[in-house]
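Chains as they are written, first to last, in the working numbering: chain A, 1 to 280; chain B, 1 to 463.
Derived by calculation from the structure, the hints in this document are not laboratory data. Warning: the hint list may mix true and false statements.
[Stated by the list, open to error] Covered stretches of chain B (in silico footprint by chain A; criterion: 3 or more residues with CB under 8 Å from a CB of chain A, positions within the stretch not fixed):
#1 165-179
#2 205-214
#3 238-249
#4 254-265
#5 274-286
All residues carry an ideal CB built from backbone N, CA and C; glycine is no exception.
Spelled out, the chains give:
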Amino acid sequence: MYKIIKKIELNPTVTRMDIEAPLVAKKAEPGQFIILRTDEEGERIPLTIADYDREAGIVTIIFQKVGATTEKLGHLEEGEFIQDFVGPLGTASELEGLKKVAVVGGGVGSAIAYPIAKKLHGLGAEVHSIVGFRGKDLVILEEDFDKVSDKFVRMSDDGTWGTKGLVTNALKELIESGEKYDEVIAIGPLIMMKFVAALTKEYGIKTVVSMNPIMVDGTGMCGGCRLTVGGETKFACVDGPDFDGHQVDFDEAMERGSMYKPFEQHKREETCNLFAKEVQ
Amino acid sequence: MPNMSLKKNEMPVQDPQVRNKNFKEVALGYTKEQAIDEAQRCLHCKTRNCVAGCPVRIDIPDFIKEVAEGNFEEAYQIIAKSSSLPAVCGRVCPQESQCEGKCVRGIKGEPVGIGRLERFVADYHNENAKEHAVKPQSNGHKVAIIGSGPSGLTCAGDLAKLGYEVTVFEALHLAGGVLVYGIPEFRLPKSIVQKEIDGLKELGVKVETNMVIGKVLSIDELKEEYGFEAVFIGSGAGLPKFMNIPGENLKGVYSANEFLTRVNLMKAYEEDADTPIKQSKKVAVVGGGNVAMDAARSALRLGAEEVYIIYRRSREELPARAEEVEHAEEEGIIFKFLTNPVEILADENRFVGGIRCVEMELGEPDASGRRRPIVKEGSEFEIPVDCVIMALGTSPNPLIKNTTEGLDTQKWGGIIVEEETGLTSREGIYAGGDAVTGAATVILAMGAGKTAAQAIDEYIKAK
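Let the sequences and hints guide you as you build the complete structure.
Structure follows, in structure tokens:
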């Protein structure tokens, strides 16, 4: 059992939790993830490690309530426990040696982009963060990004935060204005990463994306998370989750991600109804 | 006077047309009377070939003698000296090629139902034993076991009985390895696996779940920082193989590992489970081993109307146990022999819509002695299915190899060990089971765990 030390609602649907997991904290690196199970009957879901404190033995996760399990997780309070919490899994992002990087985050994906920006900043790289949300109400980690970015471009779909438009618009502008990046790191919805990769391909800038397919075990024993990268099948849980954005078959990944949609929707409604009843 | 009936006492089973709709155990087990009657078929021959056929060398005629006299707990104590998981082995061992394959009664008629008797005795003990196992006096030495499958649990049990302080590290959230995620409930009820693991805990074995060795901790850290004097690697062969044919990444294509993990470990067959599984009408399972049978029979129980086993060789070469194949046929699984998939076809929503196959014929025997299947020209045909499960075998996960310096492995990933001891290329590190041999059987893994436990005991005592 893993204790919830701290819980903060970052916005109406996104929650940050600090979990006591000393062994995970000891080894965690940006780009890696954990698998958790809220309770005995629960499913296993992957969440990226958003931060860690090796001394305090704490791992931070940031999640959006999008379905039954994240809904259940969101109802757990400080002092309560998560049944299973395993990690760090996956391969850490390769950040050593990068001098100037554009870190692009979209929505809750920003929670995964942030530790990468932070680590790059710590390594002395010049970090340009381009972060996008649908609107002002959904913004997370604004101050955190500000602290670790040499340049911080805020974007929103509706113009209520920063500039109105997509992160790809901002990235294109920076590139056109003459900024020379060693690498672009994009983390967010698949469709966003697809378009960032398509843009940078035109300019020949190496681009790394963090993939988020369906996972079960997260240790390489089932292949549920397989993707096509450069024409080859890869398991995101062990070979990734970071991949060369110019090699990933995003359309296939988007299809595979939708495999259980009706089930998920049904399960979520069931869970919400359950909590609604408890409140009454 | 022994019972000279040429046939085994039949095992009561659930009716095929009832059981193919539920996940309850198929074989129901002997009654006391049936067990005693079957035990009386043993001739107590001098050769005791059955014992030689058992990878963990259970004193078979001795325990059977106790059963024949109605002393079931005494029979259990005899088995327990050699086996840590009798309720499991009695159910899933391929007895026909091991103990029962060597039984003299099998020369003329059927061999003694050794597996069924072992199962009866273990179940009787689990239901009736009042005395709990006593934790042996500690000898102060610590041993780490990586993986809680059959080899790891056996190694742990044997070392605990010798007084070692044993910790088992398991990557998943439940201990048992293939016994919990692979073999379905209808062949091996999970409550039975749990009881056997509880028995080990009573002997003082600690089980740490959610511990992916190679990620959370390395083997070298276990030795250097945590003071484990020896390590046994029983991490199995859990990396699934795919065919690399077009369409393999369509929605509705599973590895057997994923399909069975969802069904067994995550209980996706239960109506209110949080873990989803695709509801399919027509399912193709590619492969001919026990895993293929398990996947096919599970798909049927999840409500599929037609389930095909697609196998590139003929019936004679099926690697699955004869009993499992018979059970599958009785339940209505359709076998397509000498058939090989070449492409998985998509429907309009990019789910699986069918599978394109070719017919095969058997050519000359290859290096392994099996006749090599060759494609028949112009024999392409399609089967409409909405789900495909690939049960082509597995290989060892490279995680341990990649994070343990100096650990020698075969090209295909199997850890190289000394056969008599299980010692790897690193001092104090032993390995056994599928991690060494590639996918094999539960009982061979147990035998390897047993061998390594003995070698570890000798190694630590000699230090």
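Right, here's what the structure says about each hint:
Residues of the segment 165-179 of chain B with a Cβ under 8 Å from some Cβ of chain A number 3, which satisfies the need for three, so the listed coverage holds. Restraint check on the segment 205-214 of chain B versus chain A: 4 residues with Cβ-Cβ distances below 8 Å, three needed, restraint holds. With a threshold of 8 Å between beta carbons, the proposed coverage of the segment 238-249 of chain B by chain A holds, since 7 of its residues qualify and at least three are required. Check on the segment 254-265 of chain B: 6 of its residues sit with their Cβ under 8 Å from a Cβ of chain A, so the three-residue criterion for coverage holds.
A stretch counts as covered by a chain when three or more of its residues have a beta carbon under 8 Å from one of that chain; for the segment 274-286 of chain B and chain A the count is 4, and the coverage holds.
Violated hints are absent here; each numbered hint is respected by the structure.
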